[in-house]
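Student: The chain contents come next:
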Amino acid sequence: MKKTYYLFNAGRMSRKDNTLQFTPQDEEGKELPPKYIPIESVSDLYCYGALDANSALYNFLGKSQVAVHFFDYYEHYTGSFMPKDYLLAGKVQIEQTMHHVKKEKRMVLARLFIEGAAFNMLKNLRYYNNREKNVQPQIDSIEQFMEMLHGYTEVDELMGLEGNIRQCYYQAFETIIDEFTMGNRTKQPPSNEVNALISFGNMMCYSLCLGQIYHTQLNPTISFLHEPGARRYSLALDLAEIFKPLLVDRTIFTVLNKKQLQADDFRIELNRCIMKDAAKKTFVKAFEERINETIQHRSLKRSVSYKHLVKLECYKLSKHILGVETYKPFKTWW
Amino acid sequence: MYVILVYDIEARRVGRMLKLCRQYLNWIQNSVFEGEITEVKLKELISRAKKFLVLEKDSIIIFKSRDEKWLEKQIVGCEKNKIETFL
Chain U
1 MKKTYYLFNA
11 GRMSRKDNTL
21 QFTPQDEEGK
31 ELPPKYIPIE
41 SVSDLYCYGA
51 LDANSALYNF
61 LGKSQVAVHF
71 FDYYEHYTGS
81 FMPKDYLLAG
91 KVQIEQTMHH
101 VKKEKRMVLA
111 RLFIEGAAFN
121 MLKNLRYYNN
131 REKNVQPQID
141 SIEQFMEMLH
151 GYTEVDELMG
161 LEGNIRQCYY
171 QAFETIIDEF
181 TMGNRTKQPP
191 SNEVNALISF
201 GNMMCYSLCL
211 GQIYHTQLNP
221 TISFLHEPGA
231 RRYSLALDLA
241 EIFKPLLVDR
251 TIFTVLNKKQ
261 LQADDFRIEL
271 NRCIMKDAAK
281 KTFVKAFEER
291 INETIQHRSL
301 KRSVSYKHLV
311 KLECYKLSKH
321 ILGVETYKPF
331 KTWW
Chain W
1 MYVILVYDIE
11 ARRVGRMLKL
21 CRQYLNWIQN
31 SVFEGEITEV
41 KLKELISRAK
51 KFLVLEKDSI
61 IIFKSRDEKW
71 LEKQIVGCEK
81 NKIETFL
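First to last, the protein sequences are chains U and W.
In terms of my numbering, the first sequence opens at residue 1 and continues consecutively.
In terms of my numbering, the second sequence opens at residue 1 and continues consecutively.
Quick caveat, the hints were computed from the structure, so don't treat them as lab data.
On a predicted model such as this, the values are computed, not experimentally measured, just so you know.
No false leads were slipped in.
With the Cβ distance kept under 7 Å, some of the chain U side facing chain W (calculated, not the full set):
| hint | residue |
| --- | --- |
| 1 | Tyr5 |
| 2 | Leu7 |
| 3 | Ile39 |
Even for Gly, the Cβ is constructed at its ideal location relative to N, Cα and C.
Please model the complete structure; the sequences and the hints are all you need to start from.
Tutor: This is the structure we're talking about:
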């Protein structure tokens, strides 16, 4: 399995002897001894620090099919360098578009995405409910919302329902997390520690999904639940819905309740909360560990990592689109 | 598959071997590399190496293990290059 590399340190990445050479810089801008990264083992690069690079490097990365994701100082996702599409399939493209345009077909998929997402959220809540955190009221109301799922006929209404479910779900965070309070979910900018973590984690999940979609025939811009906008990969948002509870939220609970992150890992600036560099590193490490965790897959009968599950989800989606097999959203079965 | 690759190659050709190995594995010490690699990629590495090696004089040894966790690694003295994905 190819690895993801996370670049926190400022430095220069260059092409050297047909592989990658990273020359980190210390705080004073002095160059440290270079590190070589075996190109054959790289799946993508995540850039948090200042990265120097030239077009020769990007040509090389493009050829080696390595994507680079960039994040700004406030840990917002700013964009990706995506290598040229290499898995082209006109048929999938056409069918995917058809599934978006035909309302009944689109509703089917949109509904399934919400169903999967809500199921995984409930699973999280039940887990904590069994561990002396009383989140029963939230479980009940999400279940009620779930029953309304089949009554709706418009995608907008489904998005609204999704919003309601998520609001309920986030209320439960207050109970689950020991040290911190969350209050309302705020983004742009996140107002407190938990909100900052959720934003950061969601964005990690989003880039993960995008990275995996790239390795399938699906077109990342045509989505079903979210409205496909310009300049964004909205299919990644759809997929991320299903995996956020499993990958992001569970990681947040772990790092906070195990006190891997504490109040002094955050900085409160003018009505916004920012994670310090060390905190980002800790969280990304925990996230990386989480997505590399393996489980025994029931139908494949072998162990697969959570990261690979995302790709399997893409395969299921393409099968649905081509009419081979009806899509079943991923639901945690353990 | 997780491998440790060591080579003993005449000085004239050693640079080429070093550069080739850097593309596939992590350098850990002079003439020693290790890392996760697939069966096919390892074959590719070997066949590319054979193109410039003189097989009567040079030698490469590859230690294979199914997974990194079956490898117990003990370091005495300094670790020359830590293998990390967080840079």
